[in-house]
Amino acid sequence: MIPKVAGFSDKMMPASRRQGPSRRHVLRTGLAGAVAVYLAPLGSRAFAALFEEQLLTAPTWNGGKLKSRIDGIAKVTGEKVFARDIRARDMPHWPQRQAHALVLRLTRADRIYAGFDLSLLDGDLKPDRVVTATDLDREGLAFPDFYGEDILLPEGKTPAYLGQAAAILIYQDFARLRLAKYKLAFNDAVIRYGAVTGPLQRDPWGSSRFVRVGGKTPYQDDVFSTLKQGPVLPTFDRHQPVWPQPARDGDVGAQGMYYAKAIEDELAHASADWLVLTHDYATQSGDTAALEPDNANGWYDAAKQELHLVVPTQSPQEVAQGAASMLGKSRIGLKRLFLHPCFTVGYGSKDHCSMPYYGLVAALFGDGSPVRLANDRFEQFQTGLKRHAFSMRHTMAVERKTGLLQAFCAGITANGGGRANSSVAVTMVGATSAESVYYFPKIDVAATAIASRAIDCGSARGYGALETMTATELMVDEIAVALGLDPIAFRLRNVLKTGMKNGQGAVPHGTQRAETVLEKARAHALWTGRAARKQAYDAAHPGKYYGVGFACIQRRFGNGAEGSLAKIELAPDGRITLSHTGTEIGTGTSSGQAVACVRWLGRPADHLDMAVTEWPDLPVETSGDPHAMSQAEQDHLAMNPRWSPTYASASSASNSSYYFTHTTREAARIVFRHGVWPAALAIWKGGTVGGGPARSQVIRPDDAIWKDGYLTGPGLEPLALSRLAREAHARGLVVGAVVHGFNRWQWADAEFMIDGVPVHAPIDALAIRYGAGASAAKRALATTPNRYQVLDRRTVSLPPTQNNDAMVGYNTAVGTLAELAVDAATGKVALLTHHTILECGNMLVPDLVSSQIQGGAASGIGLALHEELPLYEDGPGDGTWNFNRYHLPRGDDVAVWAQTTEVLAPLSDTEPPKGMAEVVMIPIIPAILNGVAHAIGHRFRTLPVTPDQILEALG
Amino acid sequence: MTLATRPLTVTINGRTHGPLDVPEGLMMIDVLHEMLDLTGSHFGCGQGICHACVVIWDRDDHTSEEVPTCITGADFFDGKRIRTIEGIAQRNDTGEIVALSPVQQAFLDRFSFQCGYCTPGFVNAATVLLERLQRAPIARKDVETTVASALGDHICRCTGYVRYYQAVRDLILATPGLTRDGA
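Protein sequences appear in the order of chains A and B. Counting from 1, one number per residue, gives the positions in the first sequence under the working numbering. Counting from 1001, one number per residue, gives the positions in the second sequence under the working numbering.
It should be emphasised that the hints constitute simulated quantities derived from the structure, not laboratory data. Note that CB positions come from ideal geometry on N, CA and C, so glycine has one too. A couple of the hints might just be wrong.
Said to hold, decoys possible - Sample of chain B residues facing chain A (criterion: CB under 7 Å; computed from the structure):
| id | residue |
| --- | --- |
| 1 | L1003 |
| 2 | G1018 |
| 3 | E1034 |
Go ahead and model the full structure; you've got the sequences and the hints to work with.
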C-alpha cells in the first residue's frame, strides 16, 4: 500500500522502482481479495457483545463542555485497553493457552548472514518451533508490497539493515520464552555470519526537487513552479541523483533546472545589497518512544481456516487489507480474517509498521496455539520505526535595505534506513514545508531519501517538516540578527499573507494566520523585556546565562488524500451512536468525535465505535493511487457511483479534528435535516387536532438552535432530542446515515436524492435509514444488513488530481517563546518557561488541545536537548539501547509549572477545527536553540544541543 | 517442563495469592501479567526507569513505597502486601467500579493522561504521596516541589506532565490534613 501523503507521487520514485498502472487493488467492504475480513475493535460494541467489556463511557456534557475523556475511566483504573494487555484467556473463543514468540535479529549489516546456532538454548529452553525464511517461502508468505522484501532474511544474503529479522522462535509457555530471552539478549554468538560484503548499496528511496520563480509580486502568475509545470525529478547514477541538464525550452525537468541554475548563479554573484547566508544543519535519528512497545497476539484456526489477530495500530484499514492480501496470495488456506485493533499510542511508529505482519506469521506457526509477540524496550529500540535523520544545506538571500527575503535554496537528505516505508513522502513533505511561514520570490529545494543500513524510518510526528522548518527558523533568526533587526519584526516583514503563493506556486486555503501569531509573540512580555531581564538575570546568577528564543512555523494537516466513513444512528429514545473509521491513539480522537455531534444533534454521541473497518451498510470501492492517478483515470473510475479515490485514512497527520469531524458532522447533518428537523416541524406545526401553535409560521432550519440539549425556534416550544427521535421514528423519517468523505485539499461533493429531493453534500457516498414508521415502499429499499438504503450519487465532483502537485493544504500556525538559562559549569540548559501561541479554528475539546500543546512541547524539548540515536553499528540496531541511554524529558525538564499557552480565537463560529497535534511539537525546538544563541552568543545548527557541546562552545 | 521454581505467596489488593510456583528468574511483572491476569501495571522499559510498572508495597510499619515490578524479582514479594492499579478504585463484589479514588478522579477530571499507558504508575505514585502527607503534612509552599519530587521519575511521552502535576498539586491543597496551614 503506497503511503498516503501530501503530493506524494509515484513519479518521484527511481525509475527502477516505479509502479506501473497495473498495480491496483480493489477493496470491497469486508472483502479483500478472496478473504473475508471482519473487524471488532477492542472496546467496540461488536467486541463488547462477545465479551461484555465497555471501554468507552457515555460522555458527560456539562454546560457545553466535555467533563472527561470517554475512554478515561478504563484507562485510569487499569482496565485492559491495550493490545499488550490481551492474552488468549481474554478471548473466549480462542484456545485457552498462550504461546509466546521472540524474533532473532541480525546486528550486522555488512556481511552475509549464514544462519544461527541455538545450542545455548538447551534442555527446557529449546524453542518449540523455529520459523525461518525457508518456512515462509514454502508457504508463499511475503510482505505486502509496501514493506519490501524478506519478512525473515534467508541465509546467504547480506542484511539490508541493522536489526533485521532472521527467525521467529515460538514457545508454548511464557516462562521458557522469558528465560530464553535472558540468554539470547546481547549475545553476539548466536548469529553466524559469512563473507564480508560491505553494506548494501542501493538507489535512494526517492528524490525530487521543487523550483519556483515567482512573478513580480506574490500574487501574480509565476514564471515557473511545481503547480504550473511540475516537480523536477532526477535519474540515478551510482546511487546518486542526477538532475536534468538545464534548458529553458526543454521538458519540465530541464526547465526547472534552468531556473534552479539561474537562482544559484544569482546567489553566487549577488551584490553587496544582498546578504547571502549558507549553513549546514543536521537533525538526529530518534525514537518516538511510545510507551506501549509494538506487539501482536494472533491465533490461526487451521480447521476453519480463520485467522484472528489483536494488534495495536494507527492504520487498522491498512493492516486488514495487508493481512488479507498477504494470506490470500499465500498457500495458507484462509477464508476469514478477524482483526481486533486496540487503543494505542504511536506518534507515527504504529502507522504502517510491520509488527502486525510478524504477529500474523507467528500465529500461523503456533501449532494451533495463540501466539503473542511483544517487544521489550531493547527490541523496540532495535526495530521500532525511527525518526529520519536529516542533513540540510540551507541558503537564503535577503535584501539588506528592505529586509525582504529574496531566495531560498536547500539541499536536503533524509536517511530512510533499510526499508522505504514512508521515506519518500516524509522527505517530500519536509522539502515542501521548509519555507516555514515566509514568502520567497524564488525557491529551489532538492530532497533525497537515501537507503542505508540504519533501522527503517516511518512517519514520526512532524513528518519531515519538523526537521526542515527547524533549520529554517534557525537561519531566519541568524539573518535578522545579522541585519540588526528584531527577529520577530523580521519574520513579520516576510510572512506569507493570505493570497500569496507558497513555494510550490499554490495559494494555501483559507486565512493565513501566522502574521497574527507573530504579532502576539512580538508583544509578549517574554519578548519585549528580554534584554533587560537578561542583564538582571546574568548579574544575579553568576555562571548562568539567560536567553529568550522564538520560532514560528505553519504546517499542513492531513496527507492530501484523506478518507473516512462515519455513521450516525438515532435510537427512538434519542440516544446517539457514532461509528467511525478513525482510531484512538491517545489524542482523544474518540472524545472529539463524540463532541462533534453536538452541532447538529445538540449533544455528544452516547455510544462510540472507533476503528471500524467493516461497513456493510455503505459499500465504497477504491483503487489506484490517489496521489498519483491522472485526471482522466479518476474521471473514468468516478463513473462508478461506489468509487472513491481512497477508503479510510490512518490516524496520522493530525487528521482527526478536521477530516474525521467532517464526516461525523455530515452524517449528523443528514440525520438532522431529514429526520430531526422534519420531526420538529411536525411537532411545532401539527400535533393536536387543528394544528399546532406554529401551523402557519414560516420556520427555517437556520432559525433552529440547540440550547442545553433542546432544539429551539423563535417563539416555539423547546424540543428534547428524545422527543424528536421518537417522532422521527414514528413518522419513518431518516434516523440513520452513513457517509464517506474524501479530501484532496478540498472536499468531494455529490448530489443524492432523498425522498425525491436533490441533496448536495460534501461527501461522495451516502446511505440512510428510515424509522420504523416508514412506508412499505421505503422499507423495501433498505436492503443492507442493518436496513439502510444505499443512495447512488447522481453527480459527483471529486477534487482535481492537480491538487496533488499543488501542496495547497490547510495550514495551522504556531509560535513558541522559550525562556532559558545556560549553566556555564555543567553546560545544561534549564528551561525557565515557554509560551506557545496557536491558531486552530474552533476547538472540539479545549482540554484536549491544551494537552496536545503540553505534550508536543515536551517532545520538542526532547529533540532539542536530550534525544539522540547513532545511526549505525553503535546504534540501537544492536539491541542494547533503552531509556538509560536514550533520554526522554521528565517533568523537571519542561518548565512544568511555569509554561503557558494561548489559543487564538477562531475567525468565526463556523471555522472548522484544524489539526494541531504535530505543529505544536515543532517551534519550541528552534526557539530553544535561538534562546541558547541569545544566552551565550553561539548558534548551534545540529540537534540535540548537549551539555558537552555547550561547554565546548563556552571554551 | 523442569524449570526450577520458588513458591510465592503475596497479598495483592487485599487478596492473598499462592503459594504459586514461580519459575526462578521471573520478575514480578511477569507474574502479574502471565499468572495473575493483572495487566494494568504496564511494561515500559524493563530497566526500572520509566515507572509505568510500579506497584505500591505496603509495609508492616504502615509506610508504603513504589516498587518497579519490571526489575524486581517475584521472590522479593513473597509474604508481602502490594496494591496494583486494579485495586485502587473501589469495586463491589462483582468487580464493578463503584468509586474512583480521589487521585483517579482528579486525573480524570483534569484530562491528565492521553494514551493511558503510564497512568497506573502515576496513580500509584500520587497515592503513595498523599498517604505520606497524611502521616506527615508539609507546608503549602512546598507542595509543588514535593509533587515534582514524587512524580519526577515517571516518564510520560504524551502529556508533557503538566496536567498530572497540576492535578496532584490541587488535590493536595484541597484535601484537609495534607498541608500545614499558614506555613
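Here's how the hints hold up against the structure:
1. L1003: holds (6 Å)
2. G1018: Violated, about 16 Å.
3. E1034: holds (5 Å)
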